[in-house]
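Engineer: These are the residues of each chain, in order.
There are 2 protein chains.
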Amino acid sequence: MRAKRIAIVGLGLIGGSLGLAFKNMGGEKVIVIGIDHDQSTLQKAIERGAVDHSTNDLAEGVKYADIIFLCTPVLQIVPIVEKMLPYLKVGAILTDVGSTKSFLAEKLSAILPAGIHYVSGHPMTGREQSGIMAAEVDLFRDKWYILVPEASTCSEAVDEISQVLKWTGARLTTMDIAAHDQCAAIISHVPHVAAAALVNLLELYPDLEDNFKLVGGGFRDTTRIASSNADMWADICLTNAQTITDSLLNLQALLDEVIQGIKKGDRQAIHYFFKRAKVRRDALIAKTDSHAIV
Amino acid sequence: MRAKRIAIVGLGLIGGSLGLAFKNMGGEKVIVIGIDHDQSTLQKAIERGAVDHSTNDLAEGVKYADIIFLCTPVLQIVPIVEKMLPYLKVGAILTDVGSTKSFLAEKLSAILPAGIHYVSGHPMTGREQSGIMAAEVDLFRDKWYILVPEASTCSEAVDEISQVLKWTGARLTTMDIAAHDQCAAIISHVPHVAAAALVNLLELYPDLEDNFKLVGGGFRDTTRIASSNADMWADICLTNAQTITDSLLNLQALLDEVIQGIKKGDRQAIHYFFKRAKVRRDALIAKTDSHAIV
Chain W
1 MRAKRIAIVG LGLIGGSLGL AFKNMGGEKV IVIGIDHDQS TLQKAIERGA
51 VDHSTNDLAE GVKYADIIFL CTPVLQIVPI VEKMLPYLKV GAILTDVGST
101 KSFLAEKLSA ILPAGIHYVS GHPMTGREQS GIMAAEVDLF RDKWYILVPE
151 ASTCSEAVDE ISQVLKWTGA RLTTMDIAAH DQCAAIISHV PHVAAAALVN
201 LLELYPDLED NFKLVGGGFR DTTRIASSNA DMWADICLTN AQTITDSLLN
251 LQALLDEVIQ GIKKGDRQAI HYFFKRAKVR RDALIAKTDS HAIV
Chain G
1 MRAKRIAIVG LGLIGGSLGL AFKNMGGEKV IVIGIDHDQS TLQKAIERGA
51 VDHSTNDLAE GVKYADIIFL CTPVLQIVPI VEKMLPYLKV GAILTDVGST
101 KSFLAEKLSA ILPAGIHYVS GHPMTGREQS GIMAAEVDLF RDKWYILVPE
151 ASTCSEAVDE ISQVLKWTGA RLTTMDIAAH DQCAAIISHV PHVAAAALVN
201 LLELYPDLED NFKLVGGGFR DTTRIASSNA DMWADICLTN AQTITDSLLN
251 LQALLDEVIQ GIKKGDRQAI HYFFKRAKVR RDALIAKTDS HAIV
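From first to last, the protein sequence lines are chains W and G.
If you count the first sequence from 1, position 45 lands on 45 in our numbering, and the numbers rise without skipping.
If you count the second sequence from 1, position 27 lands on 27 in our numbering, and the numbers rise without skipping.
If we strip away everything but chain W, and leave its shape as in the complex, we get (with noise of 0.2 Å):
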């Protein structure tokens, strides 16, 4: 049996890690082929063995591949996939990790020939570091990875990705496309937001700037995830736009409550936005807790 030629367009965090992930446990049932943009990201990711070979020529990239992994923030894998078409071989399957779906499957649902697949998907994994540096090829185990067939072509080629990431570690799982953007816009998304507000609120006082550095484990945390790469979040909200603003609204609306309880010294409304957000947390941590052990 011929080796699977993969390749992956964009060589950041989570295409970087993909390629480690395959190579490692792939062995030579796998060809890894990085295409980027970037000269100096291609030379590491040889380097790291996360790719056999590397190009920034996408029509030479794609030519052969099998598989093709779309890793570049949302709002350049449309243009991307025009780019590539007249290159594919027939049964070629193109699979995205992007953070919304609907966007990408309305968008590219217009543009695939007959004889191309496309698989929706969404590995729940991440860092707040960026680029092939940051890639890490344990970086999918044991966390889920979302597909959508309802936004795929065939579920022939579901099966395909399936195989291949299992090599990952990750934990498969399917969704329906509406409640797959919801859910990410507020398990994710708005997460993101807010992580970004809590820091960019510092910039209205100027005259604290020297006692910012006595933020302790608690502001760190909070706002770890507004050390993620703005290119990316940019195009995560363009691309899930309604139901980001929406439950950004319904935020601020559960901020509100906050001010209201504090303005009118209601303090067992206060007590109870607190406890009943504990008695949730503590719950779902200890529910993913427990799904992680099996």
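Calculated from the structure, these hints are not laboratory results.
These figures come from a predicted structure and were not determined experimentally.
Among the hints, a few may not be true.
Copies of the same chain look alike in the list, so a pair counts if it works inside one copy or between any two.
Straight-line Cα separation of at most 16 Å, EDC-like style, residue types lysine to aspartate or glutamate; simulated pairs [as the list claims (entries may be wrong)]:
id : residue 1 : residue 2
1  : Lys213    : Asp289
2  : Lys275    : Asp231
3  : Lys213    : Asp142
4  : Lys264    : Asp246
5  : Lys263    : Asp246
6  : Lys107    : Glu150
7  : Lys4      : Glu28
8  : Lys83     : Glu60
9  : Lys275    : Glu203
10 : Lys4      : Asp52
11 : Lys166    : Asp142
12 : Lys287    : Glu209
13 : Lys213    : Asp282
14 : Lys287    : Asp210
15 : Lys287    : Asp142
With chain W's structure known, arrange chain G on it following the hints.
Structural biologist: Below, chain G alone, put in the same frame as chain W:
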């Protein structure tokens, strides 16, 4: 030289950790008396070696104390001090660990008689777990411990508390009271409210409940402090009320910056929002890390 007698009122995370640190480094030079209304907490404090003696009788616990650490939620402090005043010896020093300083300074200055000193303090440390079993001997080590001389009754008492706090390994610093309360609001109080709000946001989407198991490290870290003690945080909100509500309104306005950016499809504005958060946070973390090394 006779041993210093330190009473700790409220043997939770902070009170318990102070006891552990005092006994660990102070040894024979310190006698720690633990005071709590909960019998099981008192027993655990003895078992863990956080206190030499324990009692639920406030008068009994404080009557020989040279120093009394007030480690209950903020709103309980003034009533407790009122109760203990008749039993304190002349020259006793009261000090608290509350997160809001103006409220306490005002209330305590109105009731403290001559001969009883007060030192206003705030350790910048914590864990999301609470209670005596969460206490740690090193909770304060290399963490900032703020003293507010402006809100304290005499400089000798501040010196005395500073000496005792050296046993904890904390890094002592001083702040003006207004700067403290504003700074604490934006680096600690508002992040706690935001973290709880992000958790409470989930309750608005009951249909997605089964999918919340997908939460990754981002949600987990961003909301870690939402698992904190609700009583403690309700009291903080009510005793730093105006500063917290003003800062929450500013946070809402920052969220609005993103909402408007998304509505207008203004990628540059959204990118700038994430980018400046990343730049500021990375610089802040690098600065606090370099402080930590010193």
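Engineer: For every hint, state whether the structure bears it out.
Structural biologist: Now for the hints, and whether the structure bears them out:
no.	hint	in the structure
1	Lys213 <-> Asp289	between (33 Å within a copy, 9 Å between copies)
2	Lys275 <-> Asp231	between (36 Å within a copy, 8 Å between copies)
3	Lys213 <-> Asp142	between (35 Å within a copy, 13 Å between copies)
4	Lys264 <-> Asp246	between (27 Å within a copy, 15 Å between copies)
5	Lys263 <-> Asp246	between (26 Å within a copy, 11 Å between copies)
6	Lys107 <-> Glu150	within (15 Å within a copy, 62 Å between copies)
7	Lys4 <-> Glu28	within (9 Å within a copy, 70 Å between copies)
8	Lys83 <-> Glu60	within (12 Å within a copy, 81 Å between copies)
9	Lys275 <-> Glu203	between (30 Å within a copy, 13 Å between copies)
10	Lys4 <-> Asp52	within (12 Å within a copy, 68 Å between copies)
11	Lys166 <-> Asp142	within (11 Å within a copy, 43 Å between copies)
12	Lys287 <-> Glu209	between (40 Å within a copy, 12 Å between copies)
13	Lys213 <-> Asp282	between (30 Å within a copy, 12 Å between copies)
14	Lys287 <-> Asp210	between (41 Å within a copy, 11 Å between copies)
15	Lys287 <-> Asp142	within (14 Å within a copy, 34 Å between copies)
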